[in-house]
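Q: Those protein sequences? They're chains C and W, same order as listed. Counting in our numbering, the first sequence runs from 4 upward without gaps. Counting in our numbering, the second sequence runs from 4 upward without gaps.
Check each hint, because a few of them may be wrong.
Remember, identical chains collapse to one label, so a pair may be satisfied in a single copy or spanning two.
To be verified - Calculated cross-link-like contacts (lysine-lysine; reagent style PhoX-like; alpha-carbon spacing at most 20 Å):
| no. | residue 1 | residue 2 |
| --- | --- | --- |
| 1 | K175 | K96 |
| 2 | K7 | K25 |
| 3 | K131 | K186 |
| 4 | K26 | K175 |
| 5 | K131 | K29 |
| 6 | K79 | K26 |
| 7 | K174 | K34 |
| 8 | K174 | K131 |
| 9 | K123 | K174 |
| 10 | K123 | K175 |
| 11 | K29 | K174 |
Keep in mind that the hints were calculated from the coordinates and are not lab data. A quick note: this is a predicted structure, and the numbers were derived from the prediction, not measured.
Number of protein chains: 2
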Amino acid sequence: MGAKAERTRGAILDASFALFAKKGFKQVTMKDVCEVTNMSRGGLYSHFSGTDQLFEALLERITGEDTFDIENEIDKGTSATDILNSSLSRMKKEIGHPEESLSIAIYEYAQMCGFERIAKLNHRSEEKWEKLIEYGIERGEFNDVNVEEVVSIILYSYQGIRMWSRIMPIKKQTSDHIIDHIKKQLIP
Amino acid sequence: MGAKAERTRGAILDASFALFAKKGFKQVTMKDVCEVTNMSRGGLYSHFSGTDQLFEALLERITGEDTFDIENEIDKGTSATDILNSSLSRMKKEIGHPEESLSIAIYEYAQMCGFERIAKLNHRSEEKWEKLIEYGIERGEFNDVNVEEVVSIILYSYQGIRMWSRIMPIKKQTSDHIIDHIKKQLIP
Numbered sequence: 004m005g006a007k008a009e010r011t012r013g014a015i016l017d018a019s020f021a022l023f024a025k026k027g028f029k030q031v032t033m034k035d036v037c038e039v040t041n042m043s044r045g046g047l048y049s050h051f052s053g054t055d056q057l058f059e060a061l062l063e064r065i066t067g068e069d070t071f072d073i074e075n076e077i078d079k080g081t082s083a084t085d086i087l088n089s090s091l092s093r094m095k096k097e098i099g100h101p102e103e104s105l106s107i108a109i110y111e112y113a114q115m116c117g118f119e120r121i122a123k124l125n126h127r128s129e130e131k132w133e134k135l136i137e138y139g140i141e142r143g144e145f146n147d148v149n150v151e152e153v154v155s156i157i158l159y160s161y162q163g164i165r166m167w168s169r170i171m172p173i174k175k176q177t178s179d180h181i182i183d184h185i186k187k188q189l190i191p
Numbered sequence: 004m005g006a007k008a009e010r011t012r013g014a015i016l017d018a019s020f021a022l023f024a025k026k027g028f029k030q031v032t033m034k035d036v037c038e039v040t041n042m043s044r045g046g047l048y049s050h051f052s053g054t055d056q057l058f059e060a061l062l063e064r065i066t067g068e069d070t071f072d073i074e075n076e077i078d079k080g081t082s083a084t085d086i087l088n089s090s091l092s093r094m095k096k097e098i099g100h101p102e103e104s105l106s107i108a109i110y111e112y113a114q115m116c117g118f119e120r121i122a123k124l125n126h127r128s129e130e131k132w133e134k135l136i137e138y139g140i141e142r143g144e145f146n147d148v149n150v151e152e153v154v155s156i157i158l159y160s161y162q163g164i165r166m167w168s169r170i171m172p173i174k175k176q177t178s179d180h181i182i183d184h185i186k187k188q189l190i191p
């Protein structure tokens, strides 16, 4: 792909993120994407064959960046506590701004397109957290916890509050409690 | 309401539970309810004005029974550990049988009908768990935990895994980890 095509592709992904975050997956059409990107139908279709392919590319980008961030920090030897704190801050920010989260769109996409893709994404999140926790234990920064247990609590309490934050107001206190609880498990 | 009308109402609620659990809220019509209950349109509408009212009655029944169970056991002086264990067994059973859970239907209902009703339901769940944990602490059976924190972890990890169990297979191990984690917080 040429540099220009790459940039256009990036701009389409940026614009459609906001669209999927706001409307979920089902209600977004290629026509909507044309409107927000100011592209012609032909122009858009030369990059993506439909909202499925567009959403897949978006998922790939998000989880890729996210995993890269943590692995990159581990490779640089950043302290596990710092990596944990910045991951939890990102989680907290997302809980506080549900309108910027893809959670509903991902959920709708999985309902429509089968679970394999989502199971794979979920597996990557598990691995990412497992890697961070094992790294923290090795460095003597984290408690010697049951890694899988703590990962399950992190992922599902986060998914739960993220999903519910889309349909009802969540007290700031509640997300603080969840973040505190995760920290308490890991940091002595 | 006469005894016969009460029975009919109960039968409609039983039959529609299965329907909402399977199809969510949006896709269930009064015609579907007529079919599963073998009732005429007129007969059904003399009990419920629409799927909204029907679903409200169902929510009322479920949360009422659930709250009553825990409060009733506390009044009887049942040990907090026994009440916790049976509540967690029920949770585990629900996670293992997502097709029998109303979680998706509740979610869809909240998206369509506004959050007040769901926020109220959520508040009742919070109160129920708070009451149980405080009771366990008072009796010296439970650790002296931050009650709100543990309730947040219980409710949201449960919601998270329940929602995701509808769209992808959850390893038995994962739900075991969540249940174990909750027990470990409370039982010394």
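Q: If a hint holds in the structure, say so; if it does not, say that too.
A: Hint check results:
Proximity of K175 to K96 under the C-alpha cut-off of 20 Å is restricted to the intra-copy arrangement: shortest distance 11 Å within a copy versus 31 Å between copies. Proximity of K7 and K25 under a CA criterion of 20 Å is satisfied in neither setting, with 28 Å inside one chain copy and 47 Å between copies. For the identical chains of this complex, K131 and K186 are intra-copy neighbours only, at 17 Å inside a copy versus 26 Å across copies, given an alpha-carbon limit of 20 Å. Proximity of K26 to K175 under the C-alpha cut-off of 20 Å is found in neither arrangement, the shortest distances being 24 Å within a copy and 33 Å between copies.
When the C-alpha separation of K131 and K29 is checked against a cutoff of 20 Å, the pair qualifies neither within a copy, at 29 Å, nor between copies, at 36 Å. When the C-alpha separation of K79 and K26 is checked against a cutoff of 20 Å, the pair qualifies neither within a copy, at 38 Å, nor between copies, at 49 Å. Proximity of K174 and K34 under a CA criterion of 20 Å is satisfied in neither setting, with 37 Å inside one chain copy and 39 Å between copies. Taking identical chains as interchangeable, the C-alpha atoms of K174 and K131 lie at most 20 Å apart only when they sit on different chains, with a minimum of 18 Å there against 28 Å within one chain.
Proximity of K123 to K174 under the C-alpha cut-off of 20 Å is restricted to the inter-copy arrangement: shortest distance 13 Å between copies versus 31 Å within a copy. Proximity of K123 to K175 under the C-alpha cut-off of 20 Å is restricted to the inter-copy arrangement: shortest distance 17 Å between copies versus 31 Å within a copy. When the C-alpha separation of K29 and K174 is checked against a cutoff of 20 Å, the pair qualifies neither within a copy, at 28 Å, nor between copies, at 28 Å.
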